[in-house]
Amino acid sequence: MVSTLRKLGRWGIGGFERLGRGHIFLFHTLMGVPSVLARFGLLVQQMLSVGVLSLLIIAVSGLFVGMVLGLQGYNTLVDFGAEQSLGVVVALSLVRELGPVVASLLFAGRAGSALTAEIGLMKSTEQLSGMEMMAVDPIKRVIAPRFLAGFISLPILATIFTAVGVIGGYFVGVGLLGVDDGAFWSQMQAKVDFSEDIMNGVIKSIVFGFVVTWIAVFEGYDCVPTSEGVSRATTRTVVHSALAILSLDFVLTALMFGNI
Amino acid sequence: MNSNSDSNDVLVQIRDLHFSRGNRKIFDGIDLDIRRGKVTAIMGPSGTGKTTLLKLIGGQLKPQKGSIQVDGLEVPKLKLSKLYELRKRIGMLFQSGALLTDISVFDNVAFPIREHTNMPTAMIRDMVLMKLEAVGLRNARDLMPSELSGGMARRVALARAIALDPMMILYDEPFTGQDPISMGVIVQLIRLLNDALGLTSVIVSHDVKETATIADDIYVLSGGKVVGHGTPQELADTDSDWVKQFMQGLPDGPVPFHYPGTQYAEDLLAGIEQSRAD
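Going down the list, the sequences are from chains Y and W. Position one of the first sequence corresponds to residue 0 (numbering that gives the first Met the number 0), numbered consecutively onward. Position one of the second sequence corresponds to residue 0 (numbering that gives the first Met the number 0), numbered consecutively onward.
The reader is advised that the hints may include incorrect statements.
[Unchecked claim] BS3-like cross-link-like pairs, simulated, lysine-lysine; straight-line CA separation at most 27 angstroms:
#1 Y:K139 - W:K78
#2 Y:K139 - W:K54
#3 Y:K139 - W:K61
#4 W:K81 - Y:K139
#5 W:K224 - W:K37
#6 Y:K139 - W:K87
Don't read these hints as lab results, they were simulated from the structure. None of these values were measured; they are calculated from a predicted model.
With the hints as constraints, model all of the structure from the sequences given.
Quick look at the structure:
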């Protein structure tokens with residue numbers, strides 16, 4: 000009993016300690032952001048590896064998600080003779096929810112885990128320590144550019160996911176199932192509100208971008224510098240990011256659309 | 000033991016250094032002087048905190064008690080900006096080389112120069128080629144770190160360590176895992192660079208033979224204390240059983256061959272008694 004309590008206490012203290020370390024780390028990272036802006040090349044390089052290389056999986060997934068939405072939406076709406084509203088269903092589902100959430104989950108799996116592994120390996124091979132001894136701050140040189148690149152990339156990727164998804168829904172709905180072309184677009188245009196729907200979706204993706212990239216770079220920087228430590232940190236990035244995205248999505252949805 | 004000369008001659012002065020990790024005491028009141036222009040070796044068995052000592056000198060760790068002065072500056076009390084200024088004058092060669100794996104040999108050596116100076120590209124190129132020439136790898140400048148052998152990686156790291164013309168280089172286990180040829184090259188380079196560039200070198204190692212050939216001064220650490228200090232010759236002629244065992248690599252002595260615990264005879268008798276009871 001006592002040992003269980005002790006374990007629980009140790010686990011709790013360890014968790015809070017990590018949370019504290021994570022916040023101090025975030026503070027230092029944010030302090031390093033101005034120096035990244037001064038060296039734009041570093042940011043561009045990271046946006047290529049974090050953002051551009053995630054583009055394919057995001058676009059392909061977006062297309063399939065949109066196509067499934069078109070199919071499922073049509074099957075439900077056709078029973079009520081409301082299949083002309085398919086454009087609205089597809090667009091609202093993607094813009095409000097699936098775009099930011101699924102794109103962020105994919106981003107955590109593709110770019111987040113890669114960031115953690117890369118930084119973790121740099122730590123375990125003493126590259127970060129080596130930089131410190133060369134009087135180069137690894138937070139400014141390695142972490143801040145990656146953090147900023149992830150933070151900027153995810154909202155763009157989520158927007159692309161949504162756009163491609165709408166096209167996927169159009170292919171299935173209009174191209175295969177015969178929904179009226181004009182009705183698909185005009186209803187979508189009439190019912191999707193820019194500030195209410197699109198901007199709220201973008202705000203979600205900005206929040207997820209911040210949190211996922213923070214988790215990814217922190218897990219890499221804080222990992223145990225062994226191969227086992229790096230692999231554990233990579234797994235933790237995906238698990239923690241997924242939990243953070245889904246729980247924050249509920250909170251944000253409640254605040255934006257829940258009238259709470 | 001060597002008596003140290005006046006303080007101007009001393010680049011790194013360590014006094015009453017205490018450092019622990021958790022409950023484990025690593026240093027328990029160490030005094031140590033590293034003289035300018037000399038090659039000083041810190042030796043001792045694995046796990047005595049030799050690498051930790053380098054990290055303390057470089058300010059990557061802070062001691063619980065004691066003073067570490069490098070060129071008159073109290074390292075544990077330095078602000079981060081001052082510490083970084085000091086580190087620009089210290090080169091460090093990590094055991095693994097710690098080369099940046101995503102850039103070429105040339106870019107690795109150019110890295111500290113590009114980070115800390117605004118030199119034109121042509122001048123950086125010349126400087127990098129000079130440093131690579133010094134370690135014999137000028138023609139390997141376009142290779143990636145993954146294409147280098149262990150010995151070559153360490154030589155590139157050495158070229159990088161001298162890129163900013165430091166006053167001191169810290170070597171962390173420079174001879175570990177090297178074939179005899181690479182070992183010979185690195186041994187020679189350390190001495191040559193030290194004398195040609197007027198550096199001060201600190202070598203942390205447990206390779207007695209190689210270190211003794213180039214060191215001017217050797218400190219032997221064990222159990223958190225300095226147990227021996229002197230020139231290689233003085234340590235070879237030492238009276239201390241412990242230092243003798245370490246320097247000559249004897250399997251048994253003050254550091255026992257057997258892991259401490261119950262006596263052998265007791266253990267065997269316990270087995271017999273147990274079988275009787277069964």
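| request: Compare the distance between the alpha carbons of K139 of chain Y and K78 of chain W with 27 angstroms, and conclude whether the hinted pair is satisfied. | output: Holds. K139 of chain Y to K78 of chain W sits at ~17 angstroms (cutoff 27 angstroms).
| Are the Cα positions of K139 of chain Y and K61 of chain W separated by 27 angstroms at most? | holds, 22 angstroms
| query | Has the given pair, K139 of chain Y with K87 of chain W, been kept, meaning a C-alpha gap of at most 27 angstroms? | reply | Within the cut-off at roughly 17 angstroms; holds.
| request: Measure nothing beyond the straight line between the CA atoms of K224 of chain W and K37 of chain W; if it is 27 angstroms or shorter, mark the hint as holding. | output: Holds, because 22 angstroms separates the two Cα atoms, which is no more than 27 angstroms.
| task | Would you check the hint for K81 of chain W and K139 of chain Y, treating anything up to 27 angstroms between C-alpha atoms as holding? | result | Distance ~17 angstroms between K81 of chain W and K139 of chain Y Cα, so the pair holds.
| 27 angstroms Cα cutoff - pair K139 of chain Y, K54 of chain W | Between K139 of chain Y and K54 of chain W the Cα gap is close to 21 angstroms, so the pair holds against 27 angstroms.
Checked against the numbered hints given earlier, the structure satisfies every one of them.
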